[in-house]
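Colleague: Got chain B sorted already, so can you dock chain U onto it with the hints?
Protein chains: 2
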Amino acid sequence: MAVYTDISDQELESLLADYDLGEAISFKGVAEGVENSNFLLETGTGRYFLTVYERRVRAEDLPFFLGLMRWLADHGYPCARPVTDRAGAELKQVRGKPCAIVEFLPGLSVRRPGVAHCRAAGEGLARLHVAAAGFPLSRPNDLGAAAWSPYFAPLAAAADGLKPGLAAVIAADLAHLAAAWPQGLPGGVIHADYFPDNVFFHHGAEFAGAIDFYFACDDALAYDIAIALNAWCFEPDGSFNITAARAMVAGYEAVRPLSAAERAALPVLAHGAAMRFFLTRLHDWGTTPAGALVRPKDPLEYERKLAVHRAAPDLVLFGAGV
Amino acid sequence: MAVYTDISDQELESLLADYDLGEAISFKGVAEGVENSNFLLETGTGRYFLTVYERRVRAEDLPFFLGLMRWLADHGYPCARPVTDRAGAELKQVRGKPCAIVEFLPGLSVRRPGVAHCRAAGEGLARLHVAAAGFPLSRPNDLGAAAWSPYFAPLAAAADGLKPGLAAVIAADLAHLAAAWPQGLPGGVIHADYFPDNVFFHHGAEFAGAIDFYFACDDALAYDIAIALNAWCFEPDGSFNITAARAMVAGYEAVRPLSAAERAALPVLAHGAAMRFFLTRLHDWGTTPAGALVRPKDPLEYERKLAVHRAAPDLVLFGAGV
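Going down the list, the protein sequences come from chains B and U. The end of the first sequence is residue 794 by my numbering, with every number in the run present. The end of the second sequence is residue 794 by my numbering, with every number in the run present.
The set of hints was computed from the structure by calculation and includes no laboratory data. There could be a bad hint or two in this list.
All copies of an identical chain are treated as equivalent in the list; a pair is satisfied when it fits inside any one copy or across any two copies.
Unchecked claim - Here are the simulated lysine-lysine pairs, DSSO-like style, with alpha carbons at most 27 angstroms apart:
| # | residue 1 | residue 2 |
| --- | --- | --- |
| 1 | LYS769 | LYS500 |
| 2 | LYS569 | LYS769 |
| 3 | LYS635 | LYS564 |
| 4 | LYS635 | LYS769 |
Next comes chain B alone, as it looks inside the complex (with noise of 0.2 angstroms):
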């Protein structure tokens, strides 16, 4: 939630010189996305935005990431179509930095998502997965599986810094993770990073698209859904609402039924993906500097999720409806 890099209005010019978008109206950053800095511009043609991309996205994933965006938008998918500039480029640079313009995405995100909204965002995920299939390019998960354990080596002090003792639990959740950690599930193309602020709703809680693919890779379908599980569909007071879990289940099937395979893989898939989350965050809590604009997550609202999954194994399953 911050603008990281200040655009002037020459650099702007210089930029929009290069697309057939007429000259800027309007230029705003906006408070959106913690990895990048977001503009919202309009100019003669319409609205876009703009991405300048900062630290944690790796320049030769850009390809990947606007290039899905391109695709999902081809194939029906309501998301952010990137512009190509003159030269037919989606890949820009500006301030040194690479950016892109993309097509403005309509919607409102909710803070506090209901049962609705949930089904909804299942909805929206399983058409995600739907229209991915075919994508050509490929990323593999580099916060997946089976980069925790590495992860997490030098970060042991910070877990035990945290909540003394908080180490030797997550090294037996890893060891668990690992043994238990489903092979086999149908993969495809996955968000990654499907919380409610990526994903918008029209008229209360119709499903609008979904944003920010910079987390995109390839992996289990399914897994997709344990992310989703657990940023929609726990409570501030920790406990896993079990309706609103099965709204997403439900959601989700409603347009790609789940294998037995899959659904029978959902509690340690959420296991892991609430790890995968409580490691990013424990890692940025240490190494936040103090007057940094951004307020780093607090890794212990995932410590909490860890301790759900790890205390309830099955709890992920009666949202499935089993």
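Modeller: Relative to the frame of chain B, chain U by itself:
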């Protein structure tokens, strides 16, 4: 440049329920304004800005500010017109804070204004003074010349901390300004914060309007020009750009010619205007907590402008074409 107050979807929905604007289609926090939280709001009826008033803006001043914006818009001045709810209210509340919805004002601010921008900005400032004539409300300038000495008293140590010996220099400046401050100049409503980020252009350097009237007050109209000369006509290297200043004054006079007394007063007014911004920046520099989302503006920028006016009190007069 930050969003202070987060507005949830429920809060937005219940606020909009009081208006005839339809439901929200899009809602984004924008990185604009350091004193308030600003959101770009789109509904079925158009685009708006929602401003939530934070620190420094006193609730009892809001009827003046909103009334002025309405008055200016009604008198042909391009600024954001406040929207009334069904009961006729402009000033509302959200999350316990005062807020208002205003119409969206298109346009681009410039980071590094050129001579043509300065001319157009001067014209826009004179149009503001002319359009505001007859506005029935009044608000004393609580950051005006009479306030500077008491404002500085507790900051003397901070000034010396910034630059050894500075407190004595500022005290001498304040004595000079108190003795030389002009009386009886034509007065009226001034913008009082007419900086490049508060002025919009279109098609390059055509004046498109002004925003952020939250320092507006009654004072000498020429003092508003003096604030603008400081804000627009210094080069990054600290030198005063006489060509830009001349263009700004000429643009102003194309709409509202200055009297001989106003013109003669410009040097001391410009010296005083530099003092006003130096003092508030000095204050904010010391009081902004280290982890704050907003970086305080460097008081040394205005300390250098003060030095320029002190060393060459006639400089601004050359800008005025005398």
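Colleague: Now look at each hint and say whether the structure bears it out.
Modeller: Verification of the supplied hints:
no., hint, in the structure
1, LYS769 / LYS500, "both (25 angstroms within a copy, 20 angstroms between copies)"
2, LYS569 / LYS769, "both (25 angstroms within a copy, 25 angstroms between copies)"
3, LYS635 / LYS564, "neither (44 angstroms within a copy, 44 angstroms between copies)"
4, LYS635 / LYS769, "within (16 angstroms within a copy, 38 angstroms between copies)"
Checked against the numbered hints above, the structure violates only hint 3.
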